[in-house]
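Dock chain B against the given chain A, drawing on the hints supplied.
2 protein chains.
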Amino acid sequence: MRIYLAGPDVFLPDPLARGAALKAICARHGVEGVFPMDPLAAEPPEWARLPEFQRIALRNEAHIRAADALIANLTPFRGPSADVGTVFELGFMRALGRPVFGWSNTTLDFLSRTRAHLGRLAAQAPDGTWRDGEAMALERFGCLDNLMVDGAVFASGGSLEVDEVPAAARWTELAAFERCVAKAAGLR
Amino acid sequence: MRIYLAGPDVFLPDPLARGAALKAICARHGVEGVFPMDPLAAEPPEWARLPEFQRIALRNEAHIRAADALIANLTPFRGPSADVGTVFELGFMRALGRPVFGWSNTTLDFLSRTRAHLGRLAAQAPDGTWRDGEAMALERFGCLDNLMVDGAVFASGGSLEVDEVPAAARWTELAAFERCVAKAAGLR
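Protein sequence lines, in the order shown, are assigned to chains A and B.
The numbering of the first sequence is my numbering, which starts it at -4 and goes up by one.
The numbering of the second sequence is my numbering, which starts it at -4 and goes up by one.
Chain A with its partners taken away, still in its complex shape:
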């Protein structure tokens, strides 16, 4: 079983070491982790003339198509939501109909995080809806992130695993990730 490991982990100072750590956990559970920066077995020669960002995007898409499941690091990234590249990949795999899992090193729900992010710009209308400084509504479904993310995970047969981790360990702690791996491995 091959599992694509989506997340902003590729932006860490030593992304290859991070990828190795994630893959080691997968191996302990008898599955193969695929990190976005892994080379493709065979890369179409015509990609050589594309700009680097397009080659990376096509490589990641190919990795996802070749995987049996996806585990996404949904820990909030530079705002109340997960990294958009990660969520793109989660949506991509969901369309392929395979299981998608998510994990996060915060247990705060999306509404709480968005309110914290907006601070005094968030205000509650008489009907109970929270709105930001541009009058745009905040989701209030008790989800971990935008409802498309939570909805895809549950509909696909995956699960969300969350832990409340201190900020200093937010990009190192992997307990919630490992629970996703164990559950994905259980689907074999």
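Just so you know, the hints here were simulated from the structure itself, not pulled from any lab data.
There's no promise every hint is true.
[To be verified] Pulled from the structure, derived: some chain A residues nowhere near chain B, Cβ distances all over 10 Å:
(1) Ala12
(2) Ala15
(3) Gly25
(4) Ala43
(5) Gly74
(6) Arg89
(7) Arg115
(8) Gly123
(9) Leu155
(10) Val157
(11) Val160
(12) Pro161
[Said to hold, decoys possible] Covered stretches of chain A (in silico footprint by chain B; criterion: 3 or more residues with CB under 8 Å from a CB of chain B, positions within the stretch not fixed):
(13) 50 to 58
(14) 104 to 110
(15) 141 to 151
Glycine included, each C-beta is placed from N, C-alpha and C at the ideal position.
Okay, now just chain B, sitting in the frame of chain A:
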């Protein structure tokens, strides 16, 4: 030709009026716009027992599957990136192999916006890489958003349309959207 209209427009104070405005532009170009809040022709009866957020997610997925192309409002939403629900849907459609388009009411590239968002937390390393306060790298490919977004649009045969619009008109101006509609209609 049916075009799914992804975007945080659903969070506006009058989302149905917004949907009607987007669809009117589509109709002028001879295509049919599908707004996320549109009802499905037939909704499986078993969805009735699901929580509301799951029903909405499944309905949006069904709308995307039934569409020929997708146009995403990528105007930055509560941070340097587009709304993650929108990007999920863009990834979903990309996996289906159909054209995806994006538009934004800012012309600033992703690196510039992320640096502005981070302020003094962004610092440039000797190798030229920008990193945030957690030492995580900023993308520097000159893209509009995360490279998965730009990569998908170009690989799918779609395009990105951007205008620099004053903040007060960011959620009303539709010129860049209309250029996407015209280009999508040209693919018929």
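Right, here's what the structure says about each hint:
Against the 10 Å criterion, Ala12 of chain A stays outside the reach of chain B, whose nearest CB is about 13 Å from its own CB. With a least beta-carbon separation of about 18 Å from chain B, Ala15 of chain A lies farther than 10 Å from that chain, consistent with its non-interface assignment. Every CB of chain B is more than 10 Å from the CB of Gly25 of chain A (nearest about 27 Å), matching its label as outside the interface. Listed as a non-interface residue, Ala43 of chain A keeps its Cβ farther than 10 Å from every Cβ of chain B; the least gap is roughly 15 Å.
At roughly 3 Å, the least C-beta separation between Gly74 of chain A and chain B is not larger than 10 Å, which violates its mark as non-interface. At roughly 6 Å from the closest C-beta of chain B, the C-beta of Arg89 of chain A falls inside 10 Å, breaking its exclusion from the interface. The claim that Arg115 of chain A lies off the interface holds: its Cβ sits roughly 15 Å from the closest Cβ of chain B, which is beyond the 10 Å cut-off. Non-interface status of Gly123 of chain A relative to chain B is upheld: no Cβ of that chain comes within 10 Å, the nearest being about 14 Å off.
Residue placement check: Leu155 of chain A keeps its beta carbon more than 10 Å from all beta carbons of chain B (closest about 13 Å). Remark: the non-interface label on Val157 of chain A is consistent with the geometry, its nearest Cβ contact in chain B lying 17 Å away (cut-off 10 Å). Even its closest Cβ contact with chain B, about 13 Å, leaves Val160 of chain A beyond 10 Å, as expected for a residue assigned away from the interface. With a closest Cβ-Cβ approach of about 13 Å to chain B, Pro161 of chain A is found to remain outside the 10 Å limit, as its non-interface label requires.
Only residues whose C-beta sits within less than 8 Å of a C-beta in chain B count toward coverage, and the region 50 to 58 of chain A has 5 of them, enough to reach three; the restraint holds. Against chain B, the region 104 to 110 of chain A contributes 1 residues with a C-beta closer than 8 Å to a partner C-beta. That does not satisfy the three-residue criterion, and the hint is violated. Three residues within the 8 Å Cβ limit are the bar, and the region 141 to 151 of chain A against chain B gives 9, so the coverage statement holds.
The structure is inconsistent with the numbered hints 5, 6 and 14, although it conforms to all the rest.
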